[in-house]
Structure formats: structure tokens, C-alpha cells
Amino acid sequence: MSINTKIVDDFVANGIEFVTTVPCKQLAGVIDEVEARPEIYHIPSNKEDEGMGLCAGAFMGGKRPAIIMQNTAIGVTINTLVTLTQYYRMPLPMLISYRGELREPVACQVEMAVHTKALLNQLNIPTYHFHKESDAEELDTILKYTFMCNKPVAILTDASFWGGYGDQ
Amino acid sequence: MIDDQPTNFYMLGTMGLSSSIGLGVALAQDKTVISIDGDGSVLTNFGTLPTIANNVADNFILLIVDNGSYGSTGDQPTYAGKKTSLAAVAKACGCENVIECQDKDTGEVLQKAIDSKKMTIIVCKCDSGNIKLPVITMDPVVIRDRFMKSVQA
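Residue numbers (the working numbering), protein chains in the order written: chain A, 1 to 168; chain B, 1001 to 1153.
Treat the hints as calculated values from the structure; they're not laboratory data. Cβ coordinates follow ideal geometry from the N, Cα and C atoms, glycine included. Be a bit skeptical, because a hint or two may be false.
Label pairs and their in silico Cβ distance ranges [what the hints assert, rightly or not]:
1. A:D32 with B:D1058: 22 to 30 Å
2. B:N1054 with A:A118: 34 to 42 Å
3. B:Y1079 with A:H131: 40 to 48 Å
4. B:M1138 with A:P126: 26 to 34 Å
5. A:C108 with B:V1056: 33 to 41 Å
6. A:A28 with B:P1077: 39 to 47 Å
7. A:G75 with B:Y1079: 18 to 26 Å
8. A:N79 with B:K1112: 15 to 23 Å
Cross-link-like lysine-lysine pairs, in silico, DSSO-like; alpha carbons within 30 Å at most [what the hints assert, rightly or not]:
9. B:K1082 with B:K1132
10. B:K1104 with B:K1082
11. A:K132 with A:K117
12. B:K1031 with B:K1125
13. B:K1112 with B:K1083
14. B:K1083 with B:K1125
15. B:K1149 with B:K1118
16. B:K1082 with B:K1031
17. A:K144 with B:K1031
18. A:K151 with B:K1149
19. A:K144 with B:K1149
20. A:K151 with B:K1031
Which chain A residues stay away from chain B? Per the calculated CB distances, all over 10 Å, these [claimed, not checked]:
21. P38
22. V106
23. C108
24. D140
So that you can see chain A by itself, here it is in the shape it has in the complex (with noise of 0.2 Å):
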């Protein structure tokens, strides 16, 4: 099985049924997946603050949301991740590609790696971090995790989690 049908088969026994995205290189496989499945209602978002409030919404009303996005997101949804994810308190499990790590090509990417673990560290969001494929069998109890505590929950995911942007 491949890692992106074991990620969407736990969101989907997790009764995660509403997902936005906001695309990444290393995401594209499991964004695929999300779209190709008939339990999920797939909304791509155009900002990730705008998906979180579609994934707040959706909660509401009576759907478990996710959102897929890049780690750059922590930087433009940590108004919105304070004052409706946590101040309501929604659970919001957050499947990030960790861009900027090793095996990076893009420099630029490092700029936002070196604060994405403090900022959600400051922002008291429960961390963790997938670097090896096997580190995903703990996916299906981070999400029966997130769903118990009604909070946001942080899955960072590196290119080595995903076997590297290939030929460099």
C-alpha cells in the first residue's frame, strides 16, 4: 500500500469526511488520493486561513475536517489558528509537508523551516514529526488524539518521510 493510501485511509476510519488543501510538491500523491475518494467532500482552499475557517464551519456542521498544507502556512494562520481554532475549540488536524528540512532544494524554504516547530511550539499546538515511513503507523492515534482534545494537531511530514524530491 502505498503511503498516501494509508494517510487517506486513516483520515476516512477516522470519519474524516471534509477536506481543504492548499498544494505542495511532496503533497500532490495524497491530494490525489483525497480527491479520488468518495467519503471525502475535497475543497482545495485558495489560503490556508480560508481552509481553516471551511474546515471550523464544517465541524460545526456535524463533519470532521482536515487540512492538508505546506509549513510557510504557519506563518499566515496563526491569527486564525488562536482566535477561532483554539478560542472555540475545534479539533483541526493539520497534515503539513515540512519544506526547508534535509534533502531540501530551495533555499528559500530553510527561511520558514527554522521557525515552524517554535511557532506552533509557542502556539501550544500538539507537534509531531514524521521522518521515516514507518513513523506514519502513529497516524491513526494523532487523529483519535486530535478528535479527544478538540485542538488543532501539527503532522509535520519531511522529504525524507516522502523519499526525497527524487534527482538532484
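Let chain A serve as the given structure and place chain B on it in line with the hints.
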């Protein structure tokens, strides 16, 4: 004035996201959802209009109160009060039912939109200025909890 009721969800501090939250609620269930937003807020989250246009929820109405100013921060002018037409932008984004009306006609236009059972964007043109109202002090988790219970009812 609309009285406080459990079916109201008050977004207290996330300027721009009223339409996104409302669309999410509308897509997740069948009851009619009316998102009330300002022109300044829509300008803040312009990306919402293509998302709305391309994810049609016929139980969703976006009511934009367009007074051409940032009302909560001291009535500084917005571009919507100058050359930019939010109704034209919404149409260009692909929204199919867009109505611009004057403030005095809003009640009738809104009722027609509800009865049509078609996703509708209403741009209500009005003068700037606020009436004196207290700050909402209700706890956000209480707002969210009673809203969810009334959505489920």
C-alpha cells in the same frame, strides 16, 4: 437588529472568515446558512469568492453589508466604496446569483434568496456608521456549543 439566538454564530476575532465558516457549515448539512460579512472583510479574504463559486451549496447565502468603510476601526474608507464593485468581482469569480441592493430593500431581497433555494451573494449598499452596541462577552465555547446543538436539532 437581530436578537441573540442559539442559531447565531458570532465570529469574534477572525476578520475575513465569516463567509468561509458559513460555506463550511452549509456544505456539511442541509439547513439554510446566512453569512453576514462586511465589505472590508471580503476584501481581506478575496480568495473566498472563487471557492464559493466553485463549491455550490444551495443552502448558502452570503450577505455583504457594503458601507464602503471599515466600521469597527473608525470608518476608514475601503476600496469597495471607491472604484471596486464587489458584485462585479463575485460575478467574475463565477458566482451565479449575485444581487446588489440598497439597504432598505435588504429584507425582501434576503427572503427571496432564501425562498429560491439557490446559493446567492447579496451586496447590500448602505451608508457608513455604527449604532451603539455592547461588545459580545459570551464565552466562545458556549457560542459554538449552543450553535452546534441548534444545527443538529
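Results for each hint:
Checking the proposed 22 to 30 Å range against D32 (chain A) and D1058 (chain B) shows it holds: the Cβ atoms sit about 28 Å from each other. Against the hinted window of 34 to 42 Å, the Cβ-Cβ separation of N1054 (chain B) and A118 (chain A) comes to about 36 Å, which satisfies the hint. For Y1079 (chain B) paired with H131 (chain A), a C-beta distance near 46 Å keeps the hint of 40 to 48 Å intact. For the pair M1138 (chain B) and P126 (chain A), the beta carbons lie near 27 Å from each other, so the given range of 26 to 34 Å is met.
At about 37 Å, the CB distance of C108 (chain A) to V1056 (chain B) agrees with the hint of 33 to 41 Å. For the hinted restraint 39 to 47 Å between A28 (chain A) and P1077 (chain B), the CB-CB distance of approximately 42 Å keeps it satisfied. Range check, G75 (chain A) to Y1079 (chain B): about 25 Å between beta-carbon atoms, so the 18 to 26 Å window is met. Separated by about 36 Å at the C-beta atoms, N79 (chain A) and K1112 (chain B) break the suggested range of 15 to 23 Å.
Using a Cα cut-off of 30 Å, the hinted pair K1082 (chain B) and K1132 (chain B) holds, with the two alpha carbons roughly 26 Å apart. For the hint linking K1104 (chain B) to K1082 (chain B), the alpha-carbon distance of about 21 Å falls within 30 Å, and the restraint holds. Taking the CA atoms of K132 (chain A) and K117 (chain A), the gap is near 18 Å; set against the 30 Å cutoff, the hint holds. Under the criterion of a C-alpha separation no larger than 30 Å, the hint pairing K1031 (chain B) with K1125 (chain B) is consistent with the structure, at around 27 Å.
About 28 Å separates the Cα atoms of K1112 (chain B) and K1083 (chain B), which keeps this hinted pair within 30 Å; it holds. For the suggested pair K1083 (chain B) and K1125 (chain B), the alpha carbons sit about 14 Å apart, so the restraint of at most 30 Å is met. A C-alpha spacing of about 25 Å is found between K1149 (chain B) and K1118 (chain B), which places the hinted pair at or below 30 Å, so the restraint holds. For the suggested pair K1082 (chain B) and K1031 (chain B), the alpha carbons sit about 36 Å apart, so the restraint of at most 30 Å is broken.
Between K144 (chain A) and K1031 (chain B) the alpha-carbon distance is near 28 Å, which keeps this suggested pair within the 30 Å criterion. For the hint pairing K151 (chain A) with K1149 (chain B), the CA-to-CA distance comes to about 19 Å; that is within 30 Å, so the pair holds. A C-alpha spacing of about 22 Å is found between K144 (chain A) and K1149 (chain B), which places the hinted pair at or below 30 Å, so the restraint holds. Between K151 (chain A) and K1031 (chain B), the direct Cα distance comes to roughly 26 Å. Compliance with the 30 Å bound is thereby established for this hinted pair.
With a minimum CB-CB distance of about 15 Å to chain B, P38 (chain A) clears the 10 Å threshold, and the non-interface call stands. Listed as a non-interface residue, V106 (chain A) keeps its Cβ farther than 10 Å from every Cβ of chain B; the least gap is roughly 24 Å. C108 (chain A), annotated as away from the interface, keeps every beta carbon of chain B farther than 10 Å; the closest lies near 22 Å. A cut-off of 10 Å between C-beta atoms confirms that D140 (chain A) is not in contact with chain B; the least separation is 23 Å.
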